[in-house]
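J.: As given, the protein sequences belong to chains A and B, one line each in that order. Residue numbers for the first sequence follow our numbering, beginning at 1 and rising by one. Residue numbers for the second sequence follow our numbering, beginning at 1 and rising by one.
Calculated directly from the structure, the hints in this document are not laboratory data. Predicted model, so just to flag it, every value in this text is computed and none were measured. Ideal Cβ positions, reconstructed from N, Cα and C, are used throughout, including at glycine.
For each label pair, taking beta carbons as the anchor points, the in silico distance ranges come out as:
1. A:GLU237 - B:ALA25: 53 to 61 Å
2. B:TRP172 - A:PRO111: 31 to 39 Å
3. A:LEU197 - B:ALA206: 42 to 50 Å
4. B:ILE165 - A:PRO111: 37 to 45 Å
5. A:PRO111 - B:SER270: 50 to 58 Å
6. A:ARG15 - B:ILE308: 27 to 35 Å
7. A:ARG15 - B:LEU228: 53 to 61 Å
Non-contacting residues of chain A with respect to chain B, defined by C-beta distances greater than 12 Å in every case (computed):
8. ARG10
9. GLU33
10. GLY126
11. ASP132
12. THR137
13. MET142
14. GLU171
15. ARG181
16. ILE204
17. GLY213
18. GLU224
19. ARG264
20. ARG273
21. ARG300
Chain A residues, not near chain B, derived (Cβ > 10 Å throughout):
22. ASP26
23. ALA71
24. THR95
25. PRO110
26. ARG120
27. TYR138
28. VAL166
29. ARG187
30. ARG301
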Amino acid sequence: MSVEAAVEARGLTKRYGDTLAVDRLDLAIRAGEIFGLLGPNGAGKTTTILMLLGLTEPTAGQARVLGMDPARRPLEVKRRVGYVPDDVGFYGPLTGRENLRYTARLNRLPPAEAEERIGRLLAEVGLAEAADRRVETYSRGMRQRLGIADALVKEPEVAILDEPTVGIDPEGVTDILALIRSLARDRGATVLLSSHLLHQVQSICDRVGIFIGGRLIAVGPVHELAERFEAGPVTIEVGVAADGEGVDLRQRLRDLGGVREVVRDEREPGRWRLVADRDLRPAVAETLVRAGVPVRYLHRREEELDELYRRYHRKAVGDDGR
Amino acid sequence: MAAEAGALERPRPAGWRIVALKELADHLLSVRLVVLLFLVVVSAIGIVYSATGEIRRVAEEATGTPALFIRFFTSAREGLPSLLSIVGFLVPLLGIAFGFDAVSSERAQGTLARLVSQPIRRDDVVNGKFAAGLVVIAAVLLSLALVVAGIGILRLGIVPSADEIGRLVAWWVLTVAYAGVWLGLATLLSVVLRRAATAALVSIAAWLVLTLFSGLLVGLAADAIAPLPDDPTVAEAVNHARWEQWLGRISPQTLYEEATVVLLNPEVRSAGFLLPQQVDRAVPNPLPLDQSLLVVWPQAVSLVALTIACFAAAYVAFMRQEVRA
Numbered sequence: 001m002s003v004e005a006a007v008e009a010r011g012l013t014k015r016y017g018d019t020l021a022v023d024r025l026d027l028a029i030r031a032g033e034i035f036g037l038l039g040p041n042g043a044g045k046t047t048t049i050l051m052l053l054g055l056t057e058p059t060a061g062q063a064r065v066l067g068m069d070p071a072r073r074p075l076e077v078k079r080r081v082g083y084v085p086d087d088v089g090f091y092g093p094l095t096g097r098e099n100l101r102y103t104a105r106l107n108r109l110p111p112a113e114a115e116e117r118i119g120r121l122l123a124e125v126g127l128a129e130a131a132d133r134r135v136e137t138y139s140r141g142m143r144q145r146l147g148i149a150d151a152l153v154k155e156p157e158v159a160i161l162d163e164p165t166v167g168i169d170p171e172g173v174t175d176i177l178a179l180i181r182s183l184a185r186d187r188g189a190t191v192l193l194s195s196h197l198l199h200q201v202q203s204i205c206d207r208v209g210i211f212i213g214g215r216l217i218a219v220g221p222v223h224e225l226a227e228r229f230e231a232g233p234v235t236i237e238v239g240v241a242a243d244g245e246g247v248d249l250r251q252r253l254r255d256l257g258g259v260r261e262v263v264r265d266e267r268e269p270g271r272w273r274l275v276a277d278r279d280l281r282p283a284v285a286e287t288l289v290r291a292g293v294p295v296r297y298l299h300r301r302e303e304e305l306d307e308l309y310r311r312y313h314r315k316a317v318g319d320d321g322r
Numbered sequence: 001m002a003a004e005a006g007a008l009e010r011p012r013p014a015g016w017r018i019v020a021l022k023e024l025a026d027h028l029l030s031v032r033l034v035v036l037l038f039l040v041v042v043s044a045i046g047i048v049y050s051a052t053g054e055i056r057r058v059a060e061e062a063t064g065t066p067a068l069f070i071r072f073f074t075s076a077r078e079g080l081p082s083l084l085s086i087v088g089f090l091v092p093l094l095g096i097a098f099g100f101d102a103v104s105s106e107r108a109q110g111t112l113a114r115l116v117s118q119p120i121r122r123d124d125v126v127n128g129k130f131a132a133g134l135v136v137i138a139a140v141l142l143s144l145a146l147v148v149a150g151i152g153i154l155r156l157g158i159v160p161s162a163d164e165i166g167r168l169v170a171w172w173v174l175t176v177a178y179a180g181v182w183l184g185l186a187t188l189l190s191v192v193l194r195r196a197a198t199a200a201l202v203s204i205a206a207w208l209v210l211t212l213f214s215g216l217l218v219g220l221a222a223d224a225i226a227p228l229p230d231d232p233t234v235a236e237a238v239n240h241a242r243w244e245q246w247l248g249r250i251s252p253q254t255l256y257e258e259a260t261v262v263l264l265n266p267e268v269r270s271a272g273f274l275l276p277q278q279v280d281r282a283v284p285n286p287l288p289l290d291q292s293l294l295v296v297w298p299q300a301v302s303l304v305a306l307t308i309a310c311f312a313a314a315y316v317a318f319m320r321q322e323v324r325a
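So here's chain A without its partners, still in its complex pose (with noise of 0.2 Å):
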């Protein structure tokens, strides 16, 4: 085990009855580092983190935080990890401040401390006006700041933020990025993170790991997993005049050389998606002219973390022979 691991996690393994939650994890998070754990909702993600804390307890394999087993010495690693879950919830009649407080007395911090460092924690989170009022009257967006002051009151080594960005208007979600990049930044702590919103998170994330089905299939920075896949399928999407129907499009597109793939767009006619070996464009529009098709548009899909990441959701379900 190195000592600059954080978060380490091998052969983690959670069944629930017939279903492999998470299947033989292995991950390294280093201190200090940004982590993205991505994946599509019941990728196995909540349960992961939930081992992580020690709130339920692994079947096979083991997680190690900051040096300890949580499911070993929960309370210790409960005192020194923040955890936002996802949804977070507070108690609605208190105000964002009682709730805070709440928290403070349960990690036993010194009052007058605990005030101070609440003050401080809402103003940074952009919640010093709305502090004193209950937080049944909070917006979502809100409610997800008042989370991340939450689990920074006991001053963590590790903040562990499930979904943060889900539900969150864009410029809400801009603003909770920038405070947890800031987090990790100033205040030198590891953070995990979970999203299924790859765009949303790919810009503050040291590096990713893409979970699915259970399975960490692929880690690393963001831009060297997308170079990965750079000799891999091309999207490209066509857009034609609607007369162009009675032609066979598809076959037409189909018959030339490294076509994967022809869909057509069943919410907007005339629409047209195609996943070639290779860029194909002027292959393409050579197709369309000669069918006497009119091109409205033909452009190579940009290559995005969610493209990435449904590809290797597409390679992980054909491993399994699904």
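Please arrange chain B on chain A, whose structure you already have, making use of the hints.
T.: Structure of chain B alone, referenced to chain A:
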């Protein structure tokens, strides 16, 4: 190093106390406390007020009646229930009200995951909530007893004797234990059932069955086990009555009622029934408090045991439960 780790694992103050204090603050400001306090105190005052009139009438004939002061906890005007039967009826409601959403509300609000990720043990959550509920119930009952005693002193001009105060304190402890059974049951349901409304319905159903219909059900069961012929012999009748009594004691309601009757009526010498030959030539004089306590000891222990059983079940269920919804 080992000592240091041990010190860290046992922080002060205990987690359950922090949870209990917060829950207590919540309860004291809650609407449900106001409503219940209103319900209990108003019904009690009304009944006691009318009962004092009754006592005055009785008192003239029965000067020297033992424990006259607590008489008006137990006596009632024609057609009205006594204070005790009303309290016995309402106490389960108190237990249910402060327990039915103990854990499920945390789950519904999404605060459970946050709470258990703090450095407290998981059982601290259940313990703290149970303790807070019991403290509130004890306070409600104590204030009720004090209000009633105050009215008694004012209206009757009798000051309770030490023995009577002892009996009332014992009654208070017993009633809190009885409330504990229902609080434990409601807490268990709040752990097992994810929706607070379902837990409330189930516990209220249990309350109705055990308080209203248990006599009926017990009678049917006793008839099935020890049928009573048209012209029963003494042995048959006693057998039937025994069965009825023992089956009835499954219900905490029966246990509580038996114990209350003994505690607050010094003349009562047994919680069960006595055959004529058993009381033959007995001199009907009141029992001292310690003897009354001995008579109700089994009932009191059973109530505490039931509480512990419910509580332990809630605890085990909660420890095994996944945090996630």
